[in-house]
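Enquirer: Given chain V, put chain W in place with the hints provided.
Chains as they are written, first to last, in the working numbering: chain V, 3 to 408; chain W, 3 to 408.
Honestly, I wouldn't trust all of these hints.
When chains are identical, the list treats them as one kind, so a pair holds in a single copy or across two.
Restricting the straight-line Cα-Cα distance to at most 30 Å, the calculated cross-link-like pairs of lysine-lysine (DSSO-like) are [stated by the list, open to error]:
(1) Lys125 <-> Lys392
(2) Lys83 <-> Lys408
(3) Lys97 <-> Lys87
(4) Lys284 <-> Lys252
(5) Lys403 <-> Lys94
(6) Lys83 <-> Lys351
(7) Lys282 <-> Lys331
(8) Lys252 <-> Lys283
(9) Lys229 <-> Lys83
(10) Lys252 <-> Lys282
(11) Lys221 <-> Lys392
(12) Lys403 <-> Lys87
(13) Lys33 <-> Lys404
(14) Lys7 <-> Lys404
(15) Lys221 <-> Lys244
(16) Lys331 <-> Lys33
(17) Lys403 <-> Lys83
(18) Lys377 <-> Lys282
(19) Lys245 <-> Lys97
(20) Lys360 <-> Lys83
(21) Lys331 <-> Lys229
(22) Lys221 <-> Lys283
(23) Lys408 <-> Lys7
(24) Lys7 <-> Lys377
(25) Lys252 <-> Lys403
What the hints contain is simulated information worked out from the structure, not anything from laboratory work.
Source: prediction; values computed, not measured.
Number of protein chains: 2
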Amino acid sequence: MLTGKVLVAQGGGPTAVINQSLVGAVMEARKFSGVEHVYGSLHGISGIVNEDFLDLTQETTANLELVGNTPCSALGSTRDKPNVKYCQEIFKVLKAHEIGTFFYIGGNDSSDALKILSAMAEKENYPLTGIHIPKTIDNDLPVNDHTPGFPSAARFVASAFAGINQDNMALQGVYVGVVMGRHAGFLTAAAAGARTFGGDAPHLIYLPERAFDMNSFVKDVKKVYDKHGRCVIAVSEGIHDKKGTPIITKLSKTVEKDAHGNIQLSGTGALADLLTDAIKKKTGISRVRGDTFGYLQRSFLGCVSDIDAIEARQVGEKAAQFANFSNAKSGTVTIHRVGDYAVEYKLSKLDAVAGLTKVMADGFINKDANGVTSKFMDYLNPLLGADMPKVGRLDASNRVKKILNK
Amino acid sequence: MLTGKVLVAQGGGPTAVINQSLVGAVMEARKFSGVEHVYGSLHGISGIVNEDFLDLTQETTANLELVGNTPCSALGSTRDKPNVKYCQEIFKVLKAHEIGTFFYIGGNDSSDALKILSAMAEKENYPLTGIHIPKTIDNDLPVNDHTPGFPSAARFVASAFAGINQDNMALQGVYVGVVMGRHAGFLTAAAAGARTFGGDAPHLIYLPERAFDMNSFVKDVKKVYDKHGRCVIAVSEGIHDKKGTPIITKLSKTVEKDAHGNIQLSGTGALADLLTDAIKKKTGISRVRGDTFGYLQRSFLGCVSDIDAIEARQVGEKAAQFANFSNAKSGTVTIHRVGDYAVEYKLSKLDAVAGLTKVMADGFINKDANGVTSKFMDYLNPLLGADMPKVGRLDASNRVKKILNK
Numbered sequence: 003m004l005t006g007k008v009l010v011a012q013g014g015g016p017t018a019v020i021n022q023s024l025v026g027a028v029m030e031a032r033k034f035s036g037v038e039h040v041y042g043s044l045h046g047i048s049g050i051v052n053e054d055f056l057d058l059t060q061e062t063t064a065n066l067e068l069v070g071n072t073p074c075s076a077l078g079s080t081r082d083k084p085n086v087k088y089c090q091e092i093f094k095v096l097k098a099h100e101i102g103t104f105f106y107i108g109g110n111d112s113s114d115a116l117k118i119l120s121a122m123a124e125k126e127n128y129p130l131t132g133i134h135i136p137k138t139i140d141n142d143l144p145v146n147d148h149t150p151g152f153p154s155a156a157r158f159v160a161s162a163f164a165g166i167n168q169d170n171m172a173l174q175g176v177y178v179g180v181v182m183g184r185h186a187g188f189l190t191a192a193a194a195g196a197r198t199f200g201g202d203a204p205h206l207i208y209l210p211e212r213a214f215d216m217n218s219f220v221k222d223v224k225k226v227y228d229k230h231g232r233c234v235i236a237v238s239e240g241i242h243d244k245k246g247t248p249i250i251t252k253l254s255k256t257v258e259k260d261a262h263g264n265i266q267l268s269g270t271g272a273l274a275d276l277l278t279d280a281i282k283k284k285t286g287i288s289r290v291r292g293d294t295f296g297y298l299q300r301s302f303l304g305c306v307s308d309i310d311a312i313e314a315r316q317v318g319e320k321a322a323q324f325a326n327f328s329n330a331k332s333g334t335v336t337i338h339r340v341g342d343y344a345v346e347y348k349l350s351k352l353d354a355v356a357g358l359t360k361v362m363a364d365g366f367i368n369k370d371a372n373g374v375t376s377k378f379m380d381y382l383n384p385l386l387g388a389d390m391p392k393v394g395r396l397d398a399s400n401r402v403k404k405i406l407n408k
Numbered sequence: 003m004l005t006g007k008v009l010v011a012q013g014g015g016p017t018a019v020i021n022q023s024l025v026g027a028v029m030e031a032r033k034f035s036g037v038e039h040v041y042g043s044l045h046g047i048s049g050i051v052n053e054d055f056l057d058l059t060q061e062t063t064a065n066l067e068l069v070g071n072t073p074c075s076a077l078g079s080t081r082d083k084p085n086v087k088y089c090q091e092i093f094k095v096l097k098a099h100e101i102g103t104f105f106y107i108g109g110n111d112s113s114d115a116l117k118i119l120s121a122m123a124e125k126e127n128y129p130l131t132g133i134h135i136p137k138t139i140d141n142d143l144p145v146n147d148h149t150p151g152f153p154s155a156a157r158f159v160a161s162a163f164a165g166i167n168q169d170n171m172a173l174q175g176v177y178v179g180v181v182m183g184r185h186a187g188f189l190t191a192a193a194a195g196a197r198t199f200g201g202d203a204p205h206l207i208y209l210p211e212r213a214f215d216m217n218s219f220v221k222d223v224k225k226v227y228d229k230h231g232r233c234v235i236a237v238s239e240g241i242h243d244k245k246g247t248p249i250i251t252k253l254s255k256t257v258e259k260d261a262h263g264n265i266q267l268s269g270t271g272a273l274a275d276l277l278t279d280a281i282k283k284k285t286g287i288s289r290v291r292g293d294t295f296g297y298l299q300r301s302f303l304g305c306v307s308d309i310d311a312i313e314a315r316q317v318g319e320k321a322a323q324f325a326n327f328s329n330a331k332s333g334t335v336t337i338h339r340v341g342d343y344a345v346e347y348k349l350s351k352l353d354a355v356a357g358l359t360k361v362m363a364d365g366f367i368n369k370d371a372n373g374v375t376s377k378f379m380d381y382l383n384p385l386l387g388a389d390m391p392k393v394g395r396l397d398a399s400n401r402v403k404k405i406l407n408k
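For reference, chain V alone in the conformation it holds in the complex (with noise of 0.2 Å):
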């Protein structure tokens, strides 16, 4: 039953869609007669221990609703990494505010924290029933099909290599676009989804599950642009060498590492710059360009899948329904692919995906190391939405009689 006190928080990066996760949860929780306030913490875990919260209970639909449509979570984010002193302390504030249901929407470590509070309540005997709503552009969380905020992240890569194609058709050369994702490929390889007519790029793709290699990547698209005249590549920002050494740490003298140890690869364009340099100096080819996709991919305002909004909404609803309804005291939604194209909803086992992490599996990347397979295509396109924009191209066939140079 779900009673009492409710807590909601977002943890780790942004996506377009994380408050949808939040307003679903909010908004069902308040159905339920029991339950006296829904509390949302601020900045995440960060804000259970300041006690910083908001009684969302007083917030109306119509601003939930706004909310909702807005990218980036609304109750703020923390990248604390939280360890069993900093869950005493959390835990300490949830006793004092008697909160009996927490709520937290993020990626593997959020799953981790959870599973920590969890066992902790368990030994104390203290009623909390703890659930995680699952967020993460990268789509790294083990047991679903694919993460709230990827399909949205994902229509953002696919639609700005669409566009680069058309501007690289129209002014010819090499383009670089440097696409967020750690250890797993699945955005990055979302590229592919830009493709409509033969020819089209994205021609390349790098993930972080091949090991990348400077001398077989030029060669590649010397090969691209000898047979096109142009070539478009996406990489991921964590492409390493066989030895598992970031491809970015090559270039870098200062290397600035987050609160989980992590190397900072997003919010500079070195990996980039590194790229189209080497291009240049190897292939002699001289249009050479490079982006840095960075925070726009997960942030950017109005660039929604129709599809990862609904579920983004329905894993926030079904936490309160599975809080009430299943005798489960923690574990965390997860989204299960049926048919072509729906989804289920389950409650499964924290542990599942806890501090885990999974990668693109083998049969969605090709032989070569450089592309994505027609089965991936499949798993990619229902997720970018039914609204995806069309692109058209001029009939190449009406060609008009040359006079002079015949």
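Expert: Frame of chain V; chain W shown alone:
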């Protein structure tokens, strides 16, 4: 009278709606019974010299509509800046194919080419009507209130900063977004269209119309950060010091120049990295991120201002109508704002725009040279489109009383 053979070409950098102008000119020209063929030149004026023409009279209306909704020059583009000899080659081909009307869609360089050609035709008494159809995301054509392509690019920049604003509130720090614009700051200034609530980003805007000083910049950033605990900055790629030296050249040893002798500013993340490094070193703020919006801002699929799409279509249509109904042998279609908000189209003299550049009016830039005025917002807002997405925010006044940390 619009009769015989009509030629259309697209020049310069692509925009999101440049094909609306192409389709507008083609479809309108095809309505006049005296028109035999409408040709499209591939890759601008270079396609004329090579007689690379498509017969657009053999295109279906449905496909033209699809092409109209597709970003970036469907005919391909060129950066060639023709001199008199180049124009003689063009003229030879126009005569050989008996082309009596030439529509050139482009920026100030394209209107310049048309000016040379028109003078050449007049001198040889060849019946050529040359009409320039405006486009440029830089919005730097004189006479025009604004130019097709700018509103959609402005919407992209505003949408990006609206998302970045949310992202930066969720995970606080400093963010620098580098926007296209060599001499004119309109597109960078459009970042201000991202603001909804008080304190919203961008907090600072730096334009090429004002000299950039690194010390003032860092001081500005520190001041905003101390007040808001975060700071989002929009910077034009064309910022330069008092002497006019681009800031980007302070970093790069090797400088790439294009056919027009311009230093290559886009397609590299160098400026954003330079600025974020300076902030980190001089303020001690640790979380400082930078993105360069790059080619996405002019080509992204699906980010179009409805106003822009309509106007871009109309300047194309008007070109065909002016060619038929006016007696002018040459001219440029110009956009004039009337009322609030509507536009009128005129046929202006090529001289008024050819090779000239408009920059932001003094009244659009604030005194501190780090932001825009409300007068600029009045100018910008209608251009972003009627369906610009809205953002919401949770009600911060519903704070829950602290129990432990009173």
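Enquirer: Determine for every hint whether it applies to the structure shown.
Expert: Each hint tested on the structure:
{"no.": "1", "hint": "Lys125 <-> Lys392", "result": "neither (55 Å within a copy, 46 Å between copies)"}
{"no.": "2", "hint": "Lys83 <-> Lys408", "result": "between (70 Å within a copy, 25 Å between copies)"}
{"no.": "3", "hint": "Lys97 <-> Lys87", "result": "within (16 Å within a copy, 83 Å between copies)"}
{"no.": "4", "hint": "Lys284 <-> Lys252", "result": "both (17 Å within a copy, 26 Å between copies)"}
{"no.": "5", "hint": "Lys403 <-> Lys94", "result": "between (82 Å within a copy, 16 Å between copies)"}
{"no.": "6", "hint": "Lys83 <-> Lys351", "result": "within (20 Å within a copy, 65 Å between copies)"}
{"no.": "7", "hint": "Lys282 <-> Lys331", "result": "neither (58 Å within a copy, 45 Å between copies)"}
{"no.": "8", "hint": "Lys252 <-> Lys283", "result": "both (17 Å within a copy, 22 Å between copies)"}
{"no.": "9", "hint": "Lys229 <-> Lys83", "result": "between (48 Å within a copy, 27 Å between copies)"}
{"no.": "10", "hint": "Lys252 <-> Lys282", "result": "both (18 Å within a copy, 21 Å between copies)"}
{"no.": "11", "hint": "Lys221 <-> Lys392", "result": "neither (32 Å within a copy, 46 Å between copies)"}
{"no.": "12", "hint": "Lys403 <-> Lys87", "result": "between (79 Å within a copy, 24 Å between copies)"}
{"no.": "13", "hint": "Lys33 <-> Lys404", "result": "between (72 Å within a copy, 26 Å between copies)"}
{"no.": "14", "hint": "Lys7 <-> Lys404", "result": "between (78 Å within a copy, 15 Å between copies)"}
{"no.": "15", "hint": "Lys221 <-> Lys244", "result": "within (18 Å within a copy, 44 Å between copies)"}
{"no.": "16", "hint": "Lys331 <-> Lys33", "result": "within (20 Å within a copy, 71 Å between copies)"}
{"no.": "17", "hint": "Lys403 <-> Lys83", "result": "between (67 Å within a copy, 26 Å between copies)"}
{"no.": "18", "hint": "Lys377 <-> Lys282", "result": "neither (34 Å within a copy, 44 Å between copies)"}
{"no.": "19", "hint": "Lys245 <-> Lys97", "result": "neither (47 Å within a copy, 63 Å between copies)"}
{"no.": "20", "hint": "Lys360 <-> Lys83", "result": "within (19 Å within a copy, 51 Å between copies)"}
{"no.": "21", "hint": "Lys331 <-> Lys229", "result": "neither (59 Å within a copy, 43 Å between copies)"}
{"no.": "22", "hint": "Lys221 <-> Lys283", "result": "within (13 Å within a copy, 39 Å between copies)"}
{"no.": "23", "hint": "Lys408 <-> Lys7", "result": "between (81 Å within a copy, 20 Å between copies)"}
{"no.": "24", "hint": "Lys7 <-> Lys377", "result": "neither (45 Å within a copy, 48 Å between copies)"}
{"no.": "25", "hint": "Lys252 <-> Lys403", "result": "neither (52 Å within a copy, 50 Å between copies)"}
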